[in-house]
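2 protein chains.
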Amino acid sequence: MENRGKCLAERRGEVFFIGEVESIENGVSTIRVFDEFCEGLYRIQTYSHIIVLYWFHRRDSKEQRSVLRVTPKMHPGAPEIGVFTSRSPNRPNPIGLCVTELVSVERCLIQVKGLDAEVGSPIVDIKPYLPRADAVPEARMPDYMRHGQST
Amino acid sequence: MENRGKCLAERRGEVFFIGEVESIENGVSTIRVFDEFCEGLYRIQTYSHIIVLYWFHRRDSKEQRSVLRVTPKMHPGAPEIGVFTSRSPNRPNPIGLCVTELVSVERCLIQVKGLDAEVGSPIVDIKPYLPRADAVPEARMPDYMRHGQST
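Read top to bottom, the protein sequences are chains F and L. Residue numbers in the first sequence follow the working numbering, run continuously in steps of one, and reach 307 at the last position. Residue numbers in the second sequence follow the working numbering, run continuously in steps of one, and reach 307 at the last position.
If you are wondering where the hints come from, they were derived from the structure by calculation, not from laboratory data. Check before you lean on any hint, since a few could be wrong.
Pairs involving identical chains hold if they fit within one copy or between any two copies, as the list cannot separate such chains.
What the hints assert, rightly or not - List of simulated lysine to aspartate or glutamate pairs, DMTMM-like, C-alpha gap at most 20 Å:
| # | residue 1 | residue 2 |
| --- | --- | --- |
| 1 | K229 | D272 |
| 2 | K218 | E195 |
| 3 | K162 | E262 |
| 4 | K218 | E181 |
| 5 | K162 | E195 |
| 6 | K269 | E294 |
| 7 | K229 | E178 |
| 8 | K218 | E166 |
| 9 | K162 | E294 |
| 10 | K218 | E170 |
| 11 | K229 | E219 |
The whole structure should be built from the sequences, with the hints applied where relevant.
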């Protein structure tokens, strides 16, 4: 409680990495969930898709976390936009979010398709994908996001 | 860089709160993005939906962060499951995720519909919703999640 009050007053929180990307092969990423968190995966295979939150560990510097405007290079024609209007890895909190397809689970190892993290990226959280809450196929986005890579 | 190496070795990272939920009225939540991060919202109104990551600030205790199995009370018939198979606020990293409809933006204040955070909840990140990457309407979920609230 002491710590909670302190962090709220100081406007910050602490995250514990719960796993890491161990390998990537043919578009399938293997995530190792650390032993002490492994039980948290119980029954996860009842979902076809999971949301992975990971840490952009190579963007965790003061400079990279100070970036507030970016021009997305991957999307020709994109104007300068705010970081919160982008999925840029340079952002105040270097947290990446990726909706992935769950391929397999074996004890502490889970395999997913479509994760855009690197080998060695720390994992922050795993959540089940709930289409009723998370799927908005008709959501509007700017034209420059309609082509090229999906993020 | 010093700090980055330390946090990686210690398997932890630091998040800075970028705003907070200021009020909720008739299902519309007003988020105040703190002045120093406000520029990051530039052009966000080009999207109809945004993903809000927030901090479960009332679940940020050692005990609540140690929970690895839960039985979702909101979903009758749900078995005991791992925290990563749930959207429970008790989890190793108290980060909530919510896909919301963007209603309005006025300087540092943004209004969204459907945010399940409370008044006072710290905001960790805001990301544009990209239907090509984020919408999987046909994702499979267990039967107990098909009814009642959507998360």
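Comparing the hints with the structure gives:
1. K229 - D272: within (16 Å within a copy, 33 Å between copies)
2. K218 - E195: So K218 and E195 pass the 20 Å test across copies only (17 Å; inside, 34 Å).
3. K162 - E262: neither (39 Å within a copy, 30 Å between copies)
4. K218 - E181: neither (32 Å within a copy, 36 Å between copies)
5. K162 - E195: Neither: 30 Å inside a copy, 27 Å across copies.
6. K269 - E294: between (23 Å within a copy, 16 Å between copies)
7. K229 - E178: neither (28 Å within a copy, 34 Å between copies)
8. K218 - E166: both (17 Å within a copy, 19 Å between copies)
9. K162 - E294: Neither. Shortest intra-copy (42 Å) and inter-copy (43 Å) distances fail the 20 Å Cα cut-off.
10. K218 - E170: Result: close both inside a copy and across copies, 16 Å intra and 12 Å inter.
11. K229 - E219: within (19 Å within a copy, 43 Å between copies)
Hints 3, 4, 5, 7, 9, counting from the list given before, are not met by this structure.
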